[in-house]
Amino acid sequence: MATIRPNLRRAEIKPEQPKRSSLRMKDNVAAYLLIFPNMAVFFLWVLLPVIFTFFLSFTEWNFLEGIDNVRFSGVDNYRNLMDDPWFTDSMINTTLYTIVVVPVTMALGLFFALLLDKQVYLPVIPRILIFIPYITSPVAIAAIWMTLFSPNWGPINVFLFDTFGIEDPPTWFASSTWALPALMIVTIWKGIGYNALIYLAGLQSIPESLYEVAAIDGAGWWTRFKSVTLPLLSPTTFFLGITGVMTSFRVFELVAVITQGGPGTSTTVIAYSIYRAGFSFYRMGYASAMAVIMLIIVITFTYVQWRIQQRQTRFMRD
Amino acid sequence: MNNLSRRLTVMMVLLSLLIIPAVSAQDDVVTIRFWNADTSGATEAAIEAWNSDNPNIQVEFVPYSNDDSGHTQVDTALLAGQVDAMINFGIQRVDSRARAGLFADLSELLPDFDIVEEFGTESTTYGDAVYAIPAGASFFMTYINADAFAEAGIEVPENWTWEEFIAIAEELTTGSGPSTRYGAMLPTWPWMDEVAAYERGWDFNVNVDACTTNFDDPIWAEVATIRYELETVAGAALPYAEARAAQLVQQNQLYGESVAMIISGTWILRSTQNTVELPRDFVTTFAPVPSLTEDGFPYRSGKFDDFMAVAANSDHPEEAAQFLAWLATDGYLFYTEKGRFPAWQGFDAEVVAEVYFSGFEVPAEEILDIEAFIRVALDNTRPLAPQQELLGNAELQTIWREEAVRVFNGELTGEEASANMKERGDRALASLCD
Numbered sequence: 210m211a212t213i214r215p216n217l218r219r220a221e222i223k224p225e226q227p228k229r230s231s232l233r234m235k236d237n238v239a240a241y242l243l244i245f246p247n248m249a250v251f252f253l254w255v256l257l258p259v260i261f262t263f264f265l266s267f268t269e270w271n272f273l274e275g276i277d278n279v280r281f282s283g284v285d286n287y288r289n290l291m292d293d294p295w296f297t298d299s300m301i302n303t304t305l306y307t308i309v310v311v312p313v314t315m316a317l318g319l320f321f322a323l324l325l326d327k328q329v330y331l332p333v334i335p336r337i338l339i340f341i342p343y344i345t346s347p348v349a350i351a352a353i354w355m356t357l358f359s360p361n362w363g364p365i366n367v368f369l370f371d372t373f374g375i376e377d378p379p380t381w382f383a384s385s386t387w388a389l390p391a392l393m394i395v396t397i398w399k400g401i402g403y404n405a406l407i408y409l410a411g412l413q414s415i416p417e418s419l420y421e422v423a424a425i426d427g428a429g430w431w432t433r434f435k436s437v438t439l440p441l442l443s444p445t446t447f448f449l450g451i452t453g454v455m456t457s458f459r460v461f462e463l464v465a466v467i468t469q470g471g472p473g474t475s476t477t478v479i480a481y482s483i484y485r486a487g488f489s490f491y492r493m494g495y496a497s498a499m500a501v502i503m504l505i506i507v508i509t510f511t512y513v514q515w516r517i518q519q520r521q522t523r524f525m526r527d
Numbered sequence: 174m175n176n177l178s179r180r181l182t183v184m185m186v187l188l189s190l191l192i193i194p195a196v197s198a199q200d201d202v203v204t205i206r207f208w209n210a211d212t213s214g215a216t217e218a219a220i221e222a223w224n225s226d227n228p229n230i231q232v233e234f235v236p237y238s239n240d241d242s243g244h245t246q247v248d249t250a251l252l253a254g255q256v257d258a259m260i261n262f263g264i265q266r267v268d269s270r271a272r273a274g275l276f277a278d279l280s281e282l283l284p285d286f287d288i289v290e291e292f293g294t295e296s297t298t299y300g301d302a303v304y305a306i307p308a309g310a311s312f313f314m315t316y317i318n319a320d321a322f323a324e325a326g327i328e329v330p331e332n333w334t335w336e337e338f339i340a341i342a343e344e345l346t347t348g349s350g351p352s353t354r355y356g357a358m359l360p361t362w363p364w365m366d367e368v369a370a371y372e373r374g375w376d377f378n379v380n381v382d383a384c385t386t387n388f389d390d391p392i393w394a395e396v397a398t399i400r401y402e403l404e405t406v407a408g409a410a411l412p413y414a415e416a417r418a419a420q421l422v423q424q425n426q427l428y429g430e431s432v433a434m435i436i437s438g439t440w441i442l443r444s445t446q447n448t449v450e451l452p453r454d455f456v457t458t459f460a461p462v463p464s465l466t467e468d469g470f471p472y473r474s475g476k477f478d479d480f481m482a483v484a485a486n487s488d489h490p491e492e493a494a495q496f497l498a499w500l501a502t503d504g505y506l507f508y509t510e511k512g513r514f515p516a517w518q519g520f521d522a523e524v525v526a527e528v529y530f531s532g533f534e535v536p537a538e539e540i541l542d543i544e545a546f547i548r549v550a551l552d553n554t555r556p557l558a559p560q561q562e563l564l565g566n567a568e569l570q571t572i573w574r575e576e577a578v579r580v581f582n583g584e585l586t587g588e589e590a591s592a593n594m595k596e597r598g599d600r601a602l603a604s605l606c607d
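Chains A and B, in that order, are what the protein sequence lines are. Going by my numbering, the first sequence opens with residue 210, and the numbers climb by one from there. Going by my numbering, the second sequence opens with residue 174, and the numbers climb by one from there.
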């Protein structure tokens, strides 16, 4: 019996094969047609500009002079980047900013998600409140925080003086040392709501039965969090990690409005450097070289995170 | 039948006689698309006056916004041939557009109108070509609360050095903590490079031949240190960082009596007439910007603005240039009435002041010391400093701003900042000169 069945199956399948492949063909055509509008837009507005940027990074070009005046300059732009404090400092600042902002925002987002998931009566109101900063205009946020961080008589420094007796509080955005941390604080505050909301969705998709089983096995709060919540949230963490890194590398609005990269180069970040080189200094080739480096870094980060995530998921499956 | 055809022929001839001049008259009318970021209503008024006097050259106003996105829009419109004439704000814009070949040579289009002679500057001359008319100018001066000076028994000086200014500002500073009334407030951007420019010219920061900066000249450390001493050491002026953080507006501080004097541009003069939102009991008088030496500045404390230019790809460059030549001279009084000052040397200071203050809603002499204003701001016995835009100026300006702020807040000495500026500036230029 066991030997006959496969043969039978093969015999049944064979005459259907041409039918299937034509069906598959039809399916493919339909699928390609469906994704065509999206792909066309992607090609025209994303892929083509990326290729053009890559090409421009080997040239010198003031876009005001028209496309005829693109001058090939080899790897000069890349060589000059390494000696340019605007670029090197912006790389250091962006990396520091990302290293601090992404994990802290995620940790605080998870903390608030845990609170909002279980511990709150009428949870809709605090959920809306915590999300509001995320949808507020960065310019409005900048204006509010500039006043809060005002160096001499701003509310934060008055609080530090009155409550803790700190006579020489930081001058925040006016100080080379404190401007970047101040920007980080604003970004973290702005991003908590979004992270909390995504984590909340993740938490609510964890089956209650897993916690019940863990509780029967004698697991306490911490063990349940460590062994059930965190592993099952790992796809959410992965998503927030990747999008967080990408957003951090693109940070621009707050810098442009509040500090314009200063004092000194203390808050010059990579996206602001690119913008300034292109549209203030009219050096499109140079700006493109920076953009290419940024693209490579973001792709590398994403790839590494993706590999780690894959390994984790495999580990969970095993 | 014959009769009918003759009649028809006569009618056709008559009709054609009527139609042809109308068509050719229509052909003669050219339309100039004039791009400007003015929102005061002066442009509309000037165009109306021009259009009624020049039926064959009709001007159409295309507004744009004077910010980064607005300028990008202008750049693309210039490339696409949608601009005939325009006003640029800041010499940097003129320079980048002129170097990109977007502007026509006005010395060719206006052979009888010597721009260099009429406006007393070669700032918009590139070799033999003149790419823009520097039609407007703004001036810096010290706006003074006359009562604060009288109460402190200080006479408003006709000339002063920074040393004297700091001493007076210190005397005028009263109170403490959040209720301090500071003696002075400087502009809310690093600004002190303008003081260096009134002494040496706007093109001073670059040594063109060697492709290096002049940032090692002691004047850079000197001007940055003056602001540090005034604001941080003497505590006699509202600190730069505080003004930036709270986004303070200079005239609000002066008329709210939080400071006794401000150094600011002529563009805020019009807001002084708003006695409803800026109520006050005192008359505003004026003194020059403090100078670096006893002899005063060799140049006027101001700079050209409103650079008028014709697009290189315009279909009607001659007509566009004619319109601009009028707008930069007699036509500029429409802007003066709304608050902008002309750079044309053909104007009489008294006439300019009269037109300017005629636009005020309250009698100007009740709130301002007009005599002091004419003496300080409209004194054209000295020229405006040469303003040629040089290679890498945008980069050098940024470097100056970044380093100067660190002197103001006490992180660096003027000398350390100057050394940083020199190193960074030379490196920036080297990559451009290759």
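No wet-lab data here; the hints were simulated from the structure. Any given hint could be a false lead.
To be verified - With a cut-off of at most 25 Å between alpha-carbon atoms, the simulated DMTMM-like pairs for lysine to aspartate or glutamate come out as follows:
1. A:399 / A:421
2. B:595 / A:298
3. B:595 / A:285
4. B:511 / B:542
5. B:595 / A:421
6. A:399 / B:542
7. B:595 / A:293
8. B:595 / B:454
9. B:511 / B:324
10. B:511 / B:523
What the hints assert, rightly or not - Example chain B residues on the side facing chain A (calculated, C-beta under 10 Å, incomplete):
11. 239
12. 243
13. 245
14. 278
15. 449
16. 574
17. 588
18. 592
19. 595
20. 600
From a predicted model like this one, the values you see are computed outputs, not experimental measurements. Positions of the beta carbon are idealized from the N, C-alpha and C atoms, including for glycine.
Hints, verified against the model:
1. A hinted pair counts as satisfied when its Cα atoms are at most 25 Å apart, and residue 399 of chain A with residue 421 of chain A does not qualify at roughly 35 Å.
2. Taken as a hint, the residue 595 of chain B and residue 298 of chain A pair is honoured in the structure, with Cα atoms around 18 Å apart against an allowance of 25 Å.
3. Of the pairs offered as hints, the one joining residue 595 of chain B and residue 285 of chain A holds, with about 22 Å between alpha carbons and a cut-off of 25 Å not exceeded.
4. Using a Cα cut-off of 25 Å, the hinted pair residue 511 of chain B and residue 542 of chain B holds, with the two alpha carbons roughly 19 Å apart.
5. A C-alpha spacing of about 69 Å is found between residue 595 of chain B and residue 421 of chain A, which places the hinted pair above 25 Å, so the restraint is violated.
6. The hinted pair formed by residue 399 of chain A and residue 542 of chain B fails the criterion: a straight-line CA distance of about 49 Å is larger than 25 Å.
7. The suggested pairing of residue 595 of chain B with residue 293 of chain A holds, with an alpha-carbon distance near 14 Å, which does not exceed 25 Å.
8. This hinted pair does not check out: residue 595 of chain B and residue 454 of chain B have alpha carbons roughly 48 Å apart, beyond 25 Å.
9. For the hint linking residue 511 of chain B to residue 324 of chain B, the alpha-carbon distance of about 34 Å lies beyond 25 Å, and the restraint is violated.
10. Straight-line distance between C-alpha atoms of residue 511 of chain B and residue 523 of chain B comes to about 16 Å, which keeps the hinted pair within the 25 Å bound.
11. With a least beta-carbon distance of about 15 Å to chain A, the hint placing residue 239 of chain B at the interface is violated under the 10 Å criterion.
12. At its closest, the beta carbon of residue 243 of chain B sits 12 Å from a beta carbon of chain A; the interface hint therefore is violated under the 10 Å criterion.
13. For residue 245 of chain B, the interface hint holds, since its Cβ comes within 10 Å of a Cβ in chain A; the closest pair sits about 7 Å apart.
14. At its closest, the beta carbon of residue 278 of chain B sits 17 Å from a beta carbon of chain A; the interface hint therefore is violated under the 10 Å criterion.
15. Look at residue 449 of chain B: its Cβ only gets to about 25 Å from chain A, farther than 10 Å, so that hint breaks.
16. The interface hint given for residue 574 of chain B is met, as the beta carbon of that residue sits about 7 Å from the closest beta carbon of chain A, less than 10 Å.
17. Violation of the interface hint for residue 588 of chain B is found here, the shortest Cβ-Cβ separation to chain A being roughly 16 Å, above the 10 Å cut-off.
18. Of the supplied interface hints, the one on residue 592 of chain B is violated, with its beta-carbon coming no nearer than about 13 Å to a beta-carbon of chain A, more than 10 Å.
19. With its C-beta approaching chain A no nearer than about 13 Å, residue 595 of chain B sits outside the 10 Å limit, and its interface hint is violated.
20. Interface restraint check: residue 600 of chain B against chain A, minimum CB-CB distance 6 Å, threshold 10 Å, status holds.
Comparing the model with each earlier hint shows violations of hints 1, 5, 6, 8, 9, 11, 12, 14, 15, 17, 18 and 19; every other hint is respected.
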